[in-house]
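Could you build all of it, start to finish, from the sequences and the hints given here?
If you're matching them up, the sequences are chains A and B in order. For the first sequence, this note's numbering begins at 1 and goes up steadily by one. For the second sequence, this note's numbering begins at 315 and goes up steadily by one.
Every clue listed holds true.
Which residues of chain B face chain A? A few of them, derived with a C-beta cut under 10 Å, are:
id, residue
1, 342
2, 343
3, 345
4, 347
5, 354
6, 365
7, 367
8, 374
9, 393
10, 394
11, 398
12, 406
13, 408
14, 412
15, 434
16, 435
It should be emphasised that the hints constitute simulated quantities derived from the structure, not laboratory data. For every residue, glycine included, the Cβ atom is placed at its ideal position computed from N, Cα and C.
There are 2 protein chains.
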Amino acid sequence: MLRGDAKVSDHARDAVHAAAQAISYVPNLAARTLVTGRSDSIAFLVEETEERMFADPFFLGMLRSAQEAVAVAGLQLVFTVVNRAEDRQRFLAYAAGGHVDGVLLLSLHGRDRLPQRLEALGVPTVLSGRPLSGRRRLWYVDADNVAGGRLATNHLLESGRRHVATVTGPLDMCAGQDRLAGYRSAVEAAGRDLDESLVSIGDFTQAGGHAATLALLERRPDVDAIFAASDLAAFGVVRALRETGRRVGDDVTVIGFDDIPEAAEQSPALTTVRQPIPALGTTMTRLLLDRIEGRDDLPRRTVLPVQLVLRQTA
Amino acid sequence: MLRGDAKVSDHARDAVHAAAQAISYVPNLAARTLVTGRSDSIAFLVEETEERMFADPFFLGMLRSAQEAVAVAGLQLVFTVVNRAEDRQRFLAYAAGGHVDGVLLLSLHGRDRLPQRLEALGVPTVLSGRPLSGRRRLWYVDADNVAGGRLATNHLLESGRRHVATVTGPLDMCAGQDRLAGYRSAVEAAGRDLDESLVSIGDFTQAGGHAATLALLERRPDVDAIFAASDLAAFGVVRALRETGRRVGDDVTVIGFDDIPEAAEQSPALTTVRQPIPALGTTMTRLLLDRIEGRDDLPRRTVLPVQLVLRQTA
DNA sequence: ATCGCTTGTGAGAGCGCTCTCACAGATCCG
DNA sequence: CGGATCTGTGAGAGCGCTCTCACAAGCGAT
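And the structure:
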C-alpha cells in the first residue's frame, strides 16, 4: 500500500506515511522481490581479466554509461568481472536466483554459451557486440565494425599509401573479425591484392599491438601504413614504429579504432575511428530495460554508426 | 537442504542433487535473503560525479581491488555513484531494504551524515578516509596522509629548496586537510615560517591543480618547489609551470601524491607519495566482511603507511 | 527383549511483502 | 425509499526458502 495505490484515500495514505516516518520503517526489498520477481538491479558482466577491464577505456566508458543509464531508470548496477570458471558458475547462480532482473554482457569470447544459458534460466541478456554463434536468438548492440575498418583502410589507401597493413584484434571476438573484414573489403574494393603478409594478429592491447607490429615489420619492412584494430593497439604500433626508427604520420601513417580519450592526447594525436561508446552503453541498457518490461517488439540487432576522426597520424 | 547440511545422509543428498540437476532447479535467492537476512552483495558507493569517478585512477584502483576482494569472498558488488540528492535517497532505501549486506563508502565530503544513517538502519559501513565528524563511531581505512605530506615536503626542503609551496586538495575532505597538515608540520619542524601565500587551494583534479598553480605563481613567482596533494593535480601543476616558462625538476621541483600508474609514464616521470591503493581496497573489504560476519573485535581505524617514490621531478 | 541414546527425516511455521477477494459504506438510479 | 453500482478497506493466501521441533528408525547397553 505504501507503493501508492490509486484506490486509497488521501488521508489514509498520509496517516500511514506519517506513521512509517515516525518509526523509520523501511520496506524489506527481499520480501518484495520474492513476490514481484523483480530485484531492481541489473548486472554488468565483463568476461575479461581485471587487468584488461581496468586498462581499457572502452570497458570503463561502457561501465560509466551503463551506470548512468541504470541510475536514471532508478535501478542499481551489479558489477562483476569473471575470468575463472568458478566465478562464472557463481554468477550464473546469482543471476538465475533472481538477484538481478537482467544482464549486460561484455566481451564474449568464441562460442561461449553463457548468454544462452542465462536466457534459458529466464534472465534477459543483452550483449555488447555480435555473438559468434546464436546470433538469431540473442539480443545485441554493436558498433559498425566492418564499416569502420573499411573507412580507416580506405583513407590510408586513398592518401596514396602503397603497403597498407593491419594489426588485428583477437580473432575469437567478433569485433576483431569484423574490423579485419572491413580492412579486406576496402583492399579488394580498391582493386589491390589481398596480401596476407600485411595482416598481423594482435589482441586489442598495447603490448599485443607492439609485438604484432614488430613481427609485421620483420617480414614487411616496406609497410607505410597501418590500421590498428584498437587505439590501445595503435599506441603499441606507434611505439614499435619509433623503436625501429620510423617517423609516425610520415614514414608510416597509423589509424586506430575506438577514439578513447587518450587518443587525442598523444603526440602526435591519433587518427582513429570513433565508436559511440556512451551511446553503445545507453542503448544496451535501454534495450535491456525494455526487455525486462516485457516488450517484445524489440530488435535483436542494433548497429550504431562509426566515424573517422582525422588527427595527426594519418 | 541443498546447502549441504551435515546431518543428511549421503545417498539422500546425492539423490536430491541429481533431481535438482535434472529439472535444472535453481534456488530462489530472494526467498533465502528474506529468511536469512543476507543478500551476499555489498555496495561500492562513490559520492562523486561520474566524471571524477572515471577520471581519477584512485577510484578505479579502489573499485578494482574491492571487486577482486569481494569476488574472492564469493559475494557480488553493487556499484553506485551518487551525486544528486534523489540518488542518495534511492540508494538509502535500497541498502536499508536489505539488498546489500554492507557498504564501502568512498569520497565522503564535509560532515555528510550518510554513514551514520546507514549504520542506524543496520547496514554496516566502512569508509575510505577518516570522516570529518563521527570518527569515534564509524569504521574507516585510510592512508597516512599527514605522514605523506610531511615526507614530500621534507624531501623538498632538504634538497635545498627555498620557497616550498603546496597545491592542496579540497579542504572539505580529510585527505585534503591531512596532506596540508603534513606540509605545515614539515615546514614548522624545519624551523621555517609558515607563509600562507605559499598555500594554494586546489581540488585533486588536473584542472584544479593548474588553476591553483597559476594563482600561486601570480603572487609568488619565486616558488621553486611544489607539493601537490594528488598526482592528477601535479599534472596540472607541471602544465602550468611549463606554460609560464619554467623547467620542471629544475627551476621548480614537484612532488605528487597517490602514485597512479600514469605518474611513472609522464616525462619527466613524477616523483610522488605512494598510497597502497590495492591494500586500501582489500583492507576495507575485509573489514566490512568481518563486520558483516558479526565480529566485534575490529579496529574502527586502520591507517596504512605511505612511501616516497623518487623519480625525475624532485 | 526393553530401554535409552544417537542419527536422520518430515512436517510446519514464519520471514515481510503483494495481490486478490469479499465486504462495508457511500452514491446513484428508477 | 429500496435496490444496484461504485469506492475504499481489511482479511488472508501465497511467494520459496530456512530452521526448529517432533518423531521414526537404528543401535548398543542393560
